[in-house]
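Taken in order, these protein sequences are the chains called H and Y.
Read in order, the letters of the first sequence are residues 1 to 147 in the working numbering.
Read in order, the letters of the second sequence are residues 1 to 121 in the working numbering.
These are calculated hints, taken from the structure and not from any lab test.
Don't take each hint at face value.
Straight-line C-alpha distance at most 20 Å; calculated SDA-like pairs for lysine to any residue [to be verified]:
| hint | chain 1 | residue 1 | chain 2 | residue 2 |
| --- | --- | --- | --- | --- |
| 1 | H | Lys86 | H | Leu143 |
| 2 | H | Lys68 | Y | Ala103 |
| 3 | H | Lys68 | Y | Gly50 |
| 4 | H | Lys142 | Y | Val3 |
| 5 | H | Lys68 | Y | Thr52 |
| 6 | H | Lys142 | Y | Gly50 |
| 7 | Y | Lys64 | Y | Leu33 |
| 8 | H | Lys142 | Y | Thr45 |
DEER-style ranges, computed between Cβ atoms [stated by the list, open to error]:
| hint | chain 1 | residue 1 | chain 2 | residue 2 | range |
| --- | --- | --- | --- | --- | --- |
| 9 | H | Phe127 | Y | Gly56 | 34 to 42 Å |
| 10 | H | Thr117 | Y | Gly50 | 28 to 36 Å |
| 11 | Y | Val101 | H | Met77 | 28 to 36 Å |
| 12 | H | Phe47 | Y | Val29 | 18 to 26 Å |
| 13 | Y | Thr35 | H | Pro50 | 14 to 22 Å |
| 14 | H | Leu146 | Y | Ser23 | 34 to 42 Å |
| 15 | Y | Pro92 | H | Met77 | 34 to 42 Å |
| 16 | H | Phe144 | Y | Pro7 | 54 to 62 Å |
This structure is a prediction, so every number in the text was calculated from the model and none was measured.
C-beta atoms are modelled at their ideal positions from N, C-alpha and C, and glycine is treated no differently.
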Amino acid sequence: MSESATSTAKKRPEFYNIGGSDLISYRWPLASIVSGMHRVSGAIMFFLMPFVIWMFDNSISSEISFDKFTSAFNVGMLGLPGFIWKLVALGLIWAYLHHFIAGIRHLWMDTHHEATTKEFGKSSAAFVMAVTLGLTVILGAKLFGLY
Amino acid sequence: MSVNFGPHRLVVGAHYGMRDWLSQRVTAVLMALFTVLVLAELIFTKGPIGYTQWAGIFSPQWMKALTFTVILSLLYHVWVGMRNIFQDYVHPYGVRFVLDVFAIVWLVSCAGWGIQVLWRL
Numbered sequence: 001m002s003e004s005a006t007s008t009a010k011k012r013p014e015f016y017n018i019g020g021s022d023l024i025s026y027r028w029p030l031a032s033i034v035s036g037m038h039r040v041s042g043a044i045m046f047f048l049m050p051f052v053i054w055m056f057d058n059s060i061s062s063e064i065s066f067d068k069f070t071s072a073f074n075v076g077m078l079g080l081p082g083f084i085w086k087l088v089a090l091g092l093i094w095a096y097l098h099h100f101i102a103g104i105r106h107l108w109m110d111t112h113h114e115a116t117t118k119e120f121g122k123s124s125a126a127f128v129m130a131v132t133l134g135l136t137v138i139l140g141a142k143l144f145g146l147y
Numbered sequence: 001m002s003v004n005f006g007p008h009r010l011v012v013g014a015h016y017g018m019r020d021w022l023s024q025r026v027t028a029v030l031m032a033l034f035t036v037l038v039l040a041e042l043i044f045t046k047g048p049i050g051y052t053q054w055a056g057i058f059s060p061q062w063m064k065a066l067t068f069t070v071i072l073s074l075l076y077h078v079w080v081g082m083r084n085i086f087q088d089y090v091h092p093y094g095v096r097f098v099l100d101v102f103a104i105v106w107l108v109s110c111a112g113w114g115i116q117v118l119w120r121l
């Protein structure tokens, strides 16, 4: 690259993708919260993936490992009581539900051009939040044996 | 020679983004349908679900083949997603590169483990 080209490039304003500090100063309407949580839920599941496969392994391999799987939640595991593992599972349930339902919202907007409006963005975001949190409460109550 | 500019510009196959965008959606639909299938199997199982009923869902050969495909879909879907997150929030190329390598090692290890569990059933 010649010297003049470099100096011209320096004068131009540079637009990067958002950084961590921008996240705080941005306004967060409901659609942004759903979008941000889509990322957060995805990242949570990425980091908990070994735990998910541990559950798959132990629940499916044998009767003995199945008992190990259930006792992790009923008795405890690795020095942590069962309810901690139930909370981890509940976190996964929320993350999966949110990622799933918010993902369907994305797919709907990809395929239905008339849906990409400010109004639909808001109402569908509210729908995602309501269904996700509702199902999380219902399944969480079941997980903790409330019914 | 074929025309590859203007309206005939090649928009796939060279990391223009279409491939990752589309494959993330295709894998998402596949995993969503798989979720519905497993849920349906659980709901239509009579009586309490113990080891036999749960393992029985994954024991047919077609279900193993399908689950194998879903694990590979998950691998690619999560790779696209995590790379997007790193591209948005981690700007130093060196750090991003290390995180990309970490994500690949993490995901391929998990996928290998999952596939091993599946095929020894």
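Tested hints:
no. : hint                                : result
1   : Lys86(H) with Leu143(H)             : holds (7 Å)
2   : Lys68(H) with Ala103(Y)             : violated (29 Å)
3   : Lys68(H) with Gly50(Y)              : holds (13 Å)
4   : Lys142(H) with Val3(Y)              : violated (61 Å)
5   : Lys68(H) with Thr52(Y)              : holds (15 Å)
6   : Lys142(H) with Gly50(Y)             : holds (17 Å)
7   : Lys64(Y) with Leu33(Y)              : holds (15 Å)
8   : Lys142(H) with Thr45(Y)             : holds (18 Å)
9   : Phe127(H) with Gly56(Y): 34 to 42 Å : holds (35 Å)
10  : Thr117(H) with Gly50(Y): 28 to 36 Å : violated (49 Å)
11  : Val101(Y) with Met77(H): 28 to 36 Å : holds (30 Å)
12  : Phe47(H) with Val29(Y): 18 to 26 Å  : holds (24 Å)
13  : Thr35(Y) with Pro50(H): 14 to 22 Å  : holds (20 Å)
14  : Leu146(H) with Ser23(Y): 34 to 42 Å : holds (41 Å)
15  : Pro92(Y) with Met77(H): 34 to 42 Å  : holds (38 Å)
16  : Phe144(H) with Pro7(Y): 54 to 62 Å  : holds (59 Å)
Going through the hint list in order, the structure does not satisfy hints 2, 4, 10.
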